[in-house]
Every structure is written in structure tokens, then in C-alpha cells.
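Protein sequence lines correspond, in order, to chains C, B and F.
Going by the UniProt record's numbering, the residue at position 190 of the first sequence is 190; the numbering climbs one at a time, nothing skipped.
Going by the UniProt record's numbering, the residue at position 66 of the second sequence is 66; the numbering climbs one at a time, nothing skipped.
Going by the UniProt record's numbering, the residue at position 267 of the third sequence is 267; the numbering climbs one at a time, nothing skipped.
For the record, the hints were derived by calculation from the structure and aren't laboratory data.
Hints are not guaranteed to be accurate.
[Said to hold, decoys possible] Output of the computed footprint for chain C on chain F, the stretches with three or more beta carbons under 8 Å from beta carbons of chain C:
hint, region
1, 14–28
2, 70–83
3, 177–183
4, 216–228
[To be verified] Calculated lysine-lysine pairs in the PhoX-like style (CA-CA distance at most 20 Å, straight line):
hint, chain 1, residue 1, chain 2, residue 2
5, B, Lys339, F, Lys339
6, B, Lys310, F, Lys327
7, F, Lys188, C, Lys331
8, C, Lys320, C, Lys310
9, F, Lys188, C, Lys339
10, F, Lys331, B, Lys334
11, C, Lys339, F, Lys334
12, C, Lys320, C, Lys331
Heads up, the beta-carbon is just placed ideally off N, CA and C, and yes, glycines get one too.
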Amino acid sequence: MELSLSELASHLGAEVRGDGSTRIGGVAPLSSAGANDVTFIADPAYRKQLGTTLAAAVIVSPALVDDVSGAALVVDDAYLAFAKTTQLFDNRPCSPVGVHPRAIVEDGVVLGDGVTIGPGAVVGRNSRIGAGTEIGAGCVIGSDCIIGDDCLLNANVTLYYGISIGDRVRVQSGAVIGSDGFGFAPNKGKWERIAQLGSVRIGNNVEIGANTCIDRGALEDTVIEDDVILDNLIQIAHNVYVGQGSAMAGCVGIAGSTRIGKGCTLAGGVGLAGHLTLADGVHVMGMTLITNSIDEPGAYASGTSHMPAKQWRRSAARFKQLDSIAKRLQKLEKIQEGKA
Amino acid sequence: MELSLSELASHLGAEVRGDGSTRIGGVAPLSSAGANDVTFIADPAYRKQLGTTLAAAVIVSPALVDDVSGAALVVDDAYLAFAKTTQLFDNRPCSPVGVHPRAIVEDGVVLGDGVTIGPGAVVGRNSRIGAGTEIGAGCVIGSDCIIGDDCLLNANVTLYYGISIGDRVRVQSGAVIGSDGFGFAPNKGKWERIAQLGSVRIGNNVEIGANTCIDRGALEDTVIEDDVILDNLIQIAHNVYVGQGSAMAGCVGIAGSTRIGKGCTLAGGVGLAGHLTLADGVHVMGMTLITNSIDEPGAYASGTSHMPAKQWRRSAARFKQLDSIAKRLQKLEKIQEGKA
Amino acid sequence: MELSLSELASHLGAEVRGDGSTRIGGVAPLSSAGANDVTFIADPAYRKQLGTTLAAAVIVSPALVDDVSGAALVVDDAYLAFAKTTQLFDNRPCSPVGVHPRAIVEDGVVLGDGVTIGPGAVVGRNSRIGAGTEIGAGCVIGSDCIIGDDCLLNANVTLYYGISIGDRVRVQSGAVIGSDGFGFAPNKGKWERIAQLGSVRIGNNVEIGANTCIDRGALEDTVIEDDVILDNLIQIAHNVYVGQGSAMAGCVGIAGSTRIGKGCTLAGGVGLAGHLTLADGVHVMGMTLITNSIDEPGAYASGTSHMPAKQWRRSAARFKQLDSIAKRLQKLEKIQEGKA
Numbered sequence: 001m002e003l004s005l006s007e008l009a010s011h012l013g014a015e016v017r018g019d020g021s022t023r024i025g026g027v028a029p030l031s032s033a034g035a036n037d038v039t040f041i042a043d044p045a046y047r048k049q050l051g052t053t054l055a056a057a058v059i060v061s062p063a064l065v066d067d068v069s070g071a072a073l074v075v076d077d078a079y080l081a082f083a084k085t086t087q088l089f090d091n092r093p094c095s096p097v098g099v100h101p102r103a104i105v106e107d108g109v110v111l112g113d114g115v116t117i118g119p120g121a122v123v124g125r126n127s128r129i130g131a132g133t134e135i136g137a138g139c140v141i142g143s144d145c146i147i148g149d150d151c152l153l154n155a156n157v158t159l160y161y162g163i164s165i166g167d168r169v170r171v172q173s174g175a176v177i178g179s180d181g182f183g184f185a186p187n188k189g190k191w192e193r194i195a196q197l198g199s200v201r202i203g204n205n206v207e208i209g210a211n212t213c214i215d216r217g218a219l220e221d222t223v224i225e226d227d228v229i230l231d232n233l234i235q236i237a238h239n240v241y242v243g244q245g246s247a248m249a250g251c252v253g254i255a256g257s258t259r260i261g262k263g264c265t266l267a268g269g270v271g272l273a274g275h276l277t278l279a280d281g282v283h284v285m286g287m288t289l290i291t292n293s294i295d296e297p298g299a300y301a302s303g304t305s306h307m308p309a310k311q312w313r314r315s316a317a318r319f320k321q322l323d324s325i326a327k328r329l330q331k332l333e334k335i336q337e338g339k340a
Numbered sequence: 001m002e003l004s005l006s007e008l009a010s011h012l013g014a015e016v017r018g019d020g021s022t023r024i025g026g027v028a029p030l031s032s033a034g035a036n037d038v039t040f041i042a043d044p045a046y047r048k049q050l051g052t053t054l055a056a057a058v059i060v061s062p063a064l065v066d067d068v069s070g071a072a073l074v075v076d077d078a079y080l081a082f083a084k085t086t087q088l089f090d091n092r093p094c095s096p097v098g099v100h101p102r103a104i105v106e107d108g109v110v111l112g113d114g115v116t117i118g119p120g121a122v123v124g125r126n127s128r129i130g131a132g133t134e135i136g137a138g139c140v141i142g143s144d145c146i147i148g149d150d151c152l153l154n155a156n157v158t159l160y161y162g163i164s165i166g167d168r169v170r171v172q173s174g175a176v177i178g179s180d181g182f183g184f185a186p187n188k189g190k191w192e193r194i195a196q197l198g199s200v201r202i203g204n205n206v207e208i209g210a211n212t213c214i215d216r217g218a219l220e221d222t223v224i225e226d227d228v229i230l231d232n233l234i235q236i237a238h239n240v241y242v243g244q245g246s247a248m249a250g251c252v253g254i255a256g257s258t259r260i261g262k263g264c265t266l267a268g269g270v271g272l273a274g275h276l277t278l279a280d281g282v283h284v285m286g287m288t289l290i291t292n293s294i295d296e297p298g299a300y301a302s303g304t305s306h307m308p309a310k311q312w313r314r315s316a317a318r319f320k321q322l323d324s325i326a327k328r329l330q331k332l333e334k335i336q337e338g339k340a
Numbered sequence: 001m002e003l004s005l006s007e008l009a010s011h012l013g014a015e016v017r018g019d020g021s022t023r024i025g026g027v028a029p030l031s032s033a034g035a036n037d038v039t040f041i042a043d044p045a046y047r048k049q050l051g052t053t054l055a056a057a058v059i060v061s062p063a064l065v066d067d068v069s070g071a072a073l074v075v076d077d078a079y080l081a082f083a084k085t086t087q088l089f090d091n092r093p094c095s096p097v098g099v100h101p102r103a104i105v106e107d108g109v110v111l112g113d114g115v116t117i118g119p120g121a122v123v124g125r126n127s128r129i130g131a132g133t134e135i136g137a138g139c140v141i142g143s144d145c146i147i148g149d150d151c152l153l154n155a156n157v158t159l160y161y162g163i164s165i166g167d168r169v170r171v172q173s174g175a176v177i178g179s180d181g182f183g184f185a186p187n188k189g190k191w192e193r194i195a196q197l198g199s200v201r202i203g204n205n206v207e208i209g210a211n212t213c214i215d216r217g218a219l220e221d222t223v224i225e226d227d228v229i230l231d232n233l234i235q236i237a238h239n240v241y242v243g244q245g246s247a248m249a250g251c252v253g254i255a256g257s258t259r260i261g262k263g264c265t266l267a268g269g270v271g272l273a274g275h276l277t278l279a280d281g282v283h284v285m286g287m288t289l290i291t292n293s294i295d296e297p298g299a300y301a302s303g304t305s306h307m308p309a310k311q312w313r314r315s316a317a318r319f320k321q322l323d324s325i326a327k328r329l330q331k332l333e334k335i336q337e338g339k340a
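The shape of chain C in the complex, shown without the other chains (with noise of 0.2 Å):
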């Protein structure tokens, strides 16, 4: 892959300073960009690399590009313009299209125009591959899945049966997609098993990450709504609601039930208690547990800050006394109080 710079520029809607016709076969950072590399800044922070970047060119703001000396893309979102840029120089090799010889394709099942079946594969009765979807070696489809269009699922996925994906998903190696949710009714000091009727129904242009597990609902279905992305080793219970465009980071878990908003973020490890609501927008920081509802957009955090340990431990045992440090100040309050 190589393009000048002018022909960039025009794909990402930039504005070009200095040479258009120079060539461009890579994306870089700053600091290790070479001769023959874009590079980009979106973080001013990073500023000062810009003196001694060898980059053909920098994707950059308006407001940073009096700080580059050399060629530029001039665009308004330098990030969102990396990212597009990334994709032009994407190395992922490509599979010939078609069913592998050793995939397993059963009865009654449906391929769209370009569909890629990996060695391997299991694609059950009666499910629907859109046209130019790619299924990985190894991973098994259960029967009555519909995926959607121009679709990736890496290889080693799994899904069970009668899962709906939209169009333009990715999902990497080990996700399993439609297990089982955990409902059991106690009895007698034994669980007697929830059947889990419903299904797990995705959006389009979602992303799901290694070996993360999104189980079917109870009664009702689990659904993952529009361009939600959601990391690795992320835990979703049956019949969780993922709101358009929220993202989850790595180590996750949802409890059962749970309605998460429009444009959330959870970051690594967060957990959310079963049956509650979030709000849109709510940003929930790292490894916070949430047990109640929230209403109101905003960020929120439980937890405390690392400490060494030796003083950690200090903080931690006066901590169990919480209460009662509470009451004396209340007790020596009111002393001074009688005195005032």
C-alpha cells in the first residue's frame, strides 16, 4: 500500500501542506515515524516531539499546525483522521472467499455473495451469512443465526443458536455469543435450572471483543444496540440493554437485567449490580462498583486510590472504624457547641 499525500488528504477531507505528490507507505508515531511515514498528533501534550519527528507528514489541527515545520494534513479531528488513515495501511491478511474444504456447512443454510467460510468452520442449519462476511477458522455457528453483512468473526468464535448480528460487526477469537444466562431457582440446597428462552440480538457496526461472553436472555432476548464497542473478557448477563454507542473497556461485568444508556463508557473491570438503570452518558471510572441506578449523566467511582502497602494497611484498619470516628467527632462537636 502506497499513496501520495495529496491522495490522503482528499480521502480524509485534509488540507495538504507542502509536497502532495510525496509518498506515503505507513503510519507511525512521532518518535519512530520514518521518511516514508504519516504520522498525526492529537494530544498537545506530545508537542514537542514535533521538532524532531522524521515524518513525511503530520496529521494535525489547526490549532497545533503553526508547531509543525514540515508537511502537514490540515483537518479539524486529527484523531478520528488517524484512525480513517490506519485502515488505508490495515496489513490483516485477506481469506479467499468461499467455503473452505474442510468447513462444515449444514443443511438449509444461506451464504450471501462473497462469504468466507475458514477451515474448520461450523455454520448450523438454517443460518444466514450476508454477503461478504467473513467466518475464522474454528468457530462454530449455531443453527438459525442470521448474521448480517460485510461481517468479521475472527476465528474460535462461538455462537449458539438463534443469534441476530447486524451488518459491519467484528468479533474477535473466543467470544461466545448466546450461552446460557445464570438462572436457577433454589431448591432444597439445589438449583433447579432457568431454561433461557430468548436470544442475544446485535446491531450493526458492533465490535466484541476476545473472549468475551454475552449470554442469551431469560425470557426476553439480551440486545446490544448500534456501534456499541466493547473490549476483551467482558462478562454480559441474560437480558442486559447495551445503549447505542456505549463502550465498555476490558474486565467488565454486567449483572442480569441491567439497561445501560446511550453513549456510556465503562472503564477496565467496572461492575454493575443486576436489574439496575444507567442514564445516557453515564462515564463510570475504573473497577467502580455500581449497586444503585443512576439518573444522572456524569462521571462516578467507588474504591480508593493505591497507597503503599504499609500505609494502605493503616488506612484499612481505621476504615472498620469509620462509624465510630464518625460519632466521637459528633460527641466532641456538641461539647464545643454547650461551651460556644
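Chains B and F: place on chain C using the hints.
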């Protein structure tokens, strides 16, 4: 699947109130049930929905039956009866019994009656699969495993060698059972591996969630007793013992050699340090870290509750001063005492 | 496997105390070892079990040897000697060398001497597998990967394309290496994907746990140095660097671009925010969240200790008042100062 209200009542040991010949074709929540569905009420908080439900009948306890205006199935434990009802309407597709021509069954394997081995599955040398058990597509069962009757291993489950599993065990996709425990001796800045010579023993009626990991023991076995239910993305380290009927929600992690009693519940994201003992009937709240053994049944928690991030930052900063705060309070109290 | 006590001593560089011709057929804990087993003591807390063990011999340090009444193997580091002993008795079944007829090896693949490729495994175009390496059943290795000598990939491991792995690396089942890093630019309520153009480089003697995920880098590589050991269900985000000899227990999550020094240990469930640097020799306690770089070696912690839930609720409620408590205490102190 369709049956009469009387047939369902007889299956559940319930008393019919209303027309026993009504046909039931599904089970649905109070709010969305149609004229063909049975529904249930277990939590009085949903009582107001009884007035508007369109369901053919409501599974209900004697305490709430007077709130039901239409037909009802009256039974002591409505939630348990609901669970049993869902099993009647389970829509999981049946896989054809037998060994798929694209499965790989190695020498010395013994298969019980009615066993199903899916496409691409591998069953290692000398393993035994009990009657009625289904091994999903893409599963890999190591050599010398023993799997009981009527088990279900969903697609892409991995069992290492020498694992033993009881009857009626259900394993969700991506689960790994018998991986090497994490045991190493430090050796001048490197790590010397401790070969994991034990195995994993799993009792009857156990449920294992998607992408959950259960490591084999170092010298002796990791043990999961009967009726244990494990949700997704749980880590069970080597030589852990989980007592009968205990339940763990998603993302729990248990470090090595910890013993968990009978009837314990660990909520999502709980962490247990290694070499601990939890008594029977211990209940641990979400994302709690347990670093000492617990001798008394009851509920336990750690951490703090979520707050708006701005206020949280102030509390978190003060947490670091807690020991100083406590000492300064003591000092004021002493001065006060001196005056009294 | 059986050998004499003298042979074992010679292997371990230990001194025999007792009859060197005694036959040793296994290794077991002090409490359950039989007459045919060697055992070990590394922690003086188990000293009282030395009186009752039935073991043929005890691996022991000079400091504890006088407590052993029977035969002993005396060696400076008893735990290290125990680790080496377990490797002699490793009961992992050998897989037949060679490419299984049901494996899929694509064009251009180079296999070293004595390579094993299990049934259903896929090795992508132009990948190279070093001598003595075993690729388990159901593994999917992408194209252009380089795997060193004497590695073991257990069943159902996934490597994306272009991954590089050193010698003697062991990967547990379900691990995913080289999945796309979680990089997106916000774009009017949607997310524009940043194609992940980097890869993953893994050194020698690295251990990777079951269902652990290591993402490929965005522009440059994610790097795991030699002698790193990773437990199960760990998330390593894009462009993370893990220094030589560091160890992470289960359920750890590391956000993007964070650098971890040499010889660090992260206990279970630890979370590291992105773009941090941890010095060499940093030790982080279980479930701690680290949100700032750490320059000094030593132990660090966050969170609170577990309590009965009833008391915990009071402390958690007071935590929200901590800033007010601190300010009110200051006020009383000022009044007191004014009087003094």
C-alpha cells in the same frame, strides 16, 4: 410444544384456578405475556402488573393468589415452578445422536448409549462418555477423561487429560477444565515450573459458565462438589475445593488451595486469596476481596459505594489521611477528658 | 516413572540422608505421601507434619533437616528442588509426533524437527513452527507467525497473524494472542476503528494462562519479555510492555501502553490504567487499582478489607462523609489551639 393448564399443573404439583383446558404454548413475563402464555409472579413488587397482564394463567403462591383476577396455578414456590415450566418450553435445538463424520474419536474411547459427538470435536484416547451425553462441535476432550451421563458440553469446550465429571453436568462454550495450575518456584529472577500432577473432579448437576477456567491440582485434585453452579469468566485455581450447592456469579476469582463451604454464594467479581477456608453459608457481596478465612456464616463485603467522581476524589484523598484523622481525634478526646 | 533416592538427589544437586537405594515413584504433600513418594517442606509452618508423614523421603533445607526423622534430600532451596522433582513425574500424555491427518497446514508453512500438530488444528500460510513444538487440537495459528522451539500450545489456542513467540513458551487452552487492540476514535456518537497495525512479540520461557488475551499493538508491538508468567483470564491491552521475569495472577487487567518493569508481581484481579510506568520490583496486592505511575519498588495496595456486611454498610456510608469529617476535625483543632 403446547399443553393444557391442567397438564402443566400436574407437572408442577400445582392447583388450577380457572379453566384447566386452556392451551399453554409458551412462558413470558407478566408485562409481555400473550393469551397463549403462562406467566409467574414471585416478587410482590410486581403485583401491580397482575391487573394488566394478558397471560392465560399466572403461576402464583397462595399468599398472592387473591391478587390474580384470571386463571392461576397455585403452588408453594412459584419461582421454582416457573423454573420447571421453562424447561418444558426449552427451545434448544436437538443435535442428531451419534458421532458426526467430521468428529475425531481416538482409540480406546468408550461411548454410552445415545451419545452425540459434534463436528470437529476431538475425544482423546481411552476417554469414556456416559449415556445421553452431548459433546458439542469443536470441543477437545483430552485422553483418559471420564464424563458421566446426560451431560452437555456446548461448542468449543476444552477438557485436558484425566478429568472426571459426574452426571447431568452442563458446560458452556469456551470453558477450560484441567489447565495447568499457576505454580512456579522463583529461581534467580526466573521461574521454575511446578508440573501440575493432580486433576479436576467435578460432581453431579454442576453448571460451568462460558470461558470459565478450572485449573488442575498441583499434587492433589481441584474439586467441585455436586450442585455447584458457576457463571461465566470465573477463575478457579489449582487445589480449590468448592462445597456442595455453592454458587458463583460472573468474573469471580479464587486463588489456589482455598476451600469454600456448602451453600455459599459469591456475587460477581468477588476475589478470594489463596489457602483460605470459608465456612458453610458464607455470602460475599459483589467485588469484595477476601484475604482471611471466614468461620461464621453470614454476609461479607469490602470496598466503598459509588459516588459522583468529583466527591469521590475528595473521599479517596481523605482515606489516605485516615490514620492521622483517627489519631488527631484521639488527641482532642484526651484533652476533653482532662477537662471533664 | 520410578527412580532411586540417589538418582533424584543427583538430579537435584541434593545430599542424601538415609538409604539412597530407596525407590521413589511419585511426589505428594506431607500429609498424604505414601511409602513410595518423596515429599517436601518449604514453609516451617508445616513442621509438625514431619512427625507423621509416611513419605519415603523429605526434600528439605539445612535449616529444617533436624526435624526430619526419616530419609531426607538436603538442598538449599527445597521449594525449587520440589519444582524440579514434579517435572520428573509429569503425567501429561505424550502426543504422537507429526501432523495429524485431520490438521490443516497451509502453503508455505515450515515445520521444525519433531513438531506435533493435533487434529483439527490450523496453521496459516508461511508460518514457521520450531523443533519439538506441539500445537494442540483445535488451535488456529494465523499466517506469518513464528513460533520457537519446544513450545506447547494446548488445545484451542488462537494466534492471529504475524505473531512472534520465542522458545519454551507454554500457552494454556483458550488463550488468544494478537487480537485487535481496543482503539477507536469518537465520531459523532459512533466509533471509528483504528486498525491495529502492530503485532505481539513474546520472549522465551513465557507462560500464558487459559483464556488470557494479549492484544496486538496499534502502531508498534505489544511485548512480553523473557520469563514472564501469566495466569488465566488476564487482559493485556495493545502496546503494553511486560518486563523480564514479571508475574501476574488470574484476572489481572492492563490497559493500553502501560509499561511494567522487571520482576514485578501483580496479584489476582489487579487493574492498571493505561499509559503508566511501573518501576522494576513493584508488587501489587490483590484487586488493587493503579491509576498513576509508580517509580519506587515496593508493595502497593488499594481498597478496603472485608467486614460483615452490616458493619461494612456503616463504614461505606461514612466514607462518603470523609471530607466533611476531616474538615470538622480541623475546625475543632483550631478552636483547641486558640485555647492553648
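Pair hint outcome, lysine 339 (chain C) versus lysine 334 (chain F) [Cα-Cα no greater than 20 Å]: 15 Å, holds
20 Å limit on alpha-carbon distance, applied to hinted pair lysine 310 (chain B) and lysine 327 (chain F): Between lysine 310 (chain B) and lysine 327 (chain F) the Cα gap is close to 17 Å, so the pair holds against 20 Å.
Restraint status (C-alpha distance of lysine 331 (chain F) to lysine 334 (chain B) at most 20 Å): 17 Å, holds
Coverage criterion applied to the region 177–183 of chain F (partner chain C; beta-carbon cut 8 Å; 3 residues): holds (count 4)
Given hint lysine 310 (chain C) paired with lysine 320 (chain C) - CA-CA distance at most 20 Å: 17 Å, holds
Pairwise hint evaluation, lysine 331 (chain C) against lysine 188 (chain F), where the allowed Cα distance is 20 Å at most: 54 Å, violated
Hinted pair lysine 320 (chain C) and lysine 331 (chain C), Cα distance within 20 Å: 19 Å, holds
Coverage of the region 216–228 of chain F by chain C (three or more Cβ within 8 Å): holds (count 3)
Outcome, coverage hint (the region 14–28 of chain F, chain C; C-beta under 8 Å; three residues): violated (count 0)
Distance restraint between lysine 339 (chain B) and lysine 339 (chain F), which requires alpha-carbon spacing of 20 Å or less: Distance ~12 Å between lysine 339 (chain B) and lysine 339 (chain F) Cα, so the pair holds.
Within 8 Å of chain C (C-beta), three or more residues of the region 70–83 of chain F: violated (count 0)
Proposed proximity, lysine 339 (chain C) with lysine 188 (chain F) (alpha carbon, max 20 Å): It is violated: about 61 Å lies between the C-alpha atoms, which goes past 20 Å.
Hint compliance for this structure: hints 1, 2, 7 and 9 are broken, all remaining hints hold.
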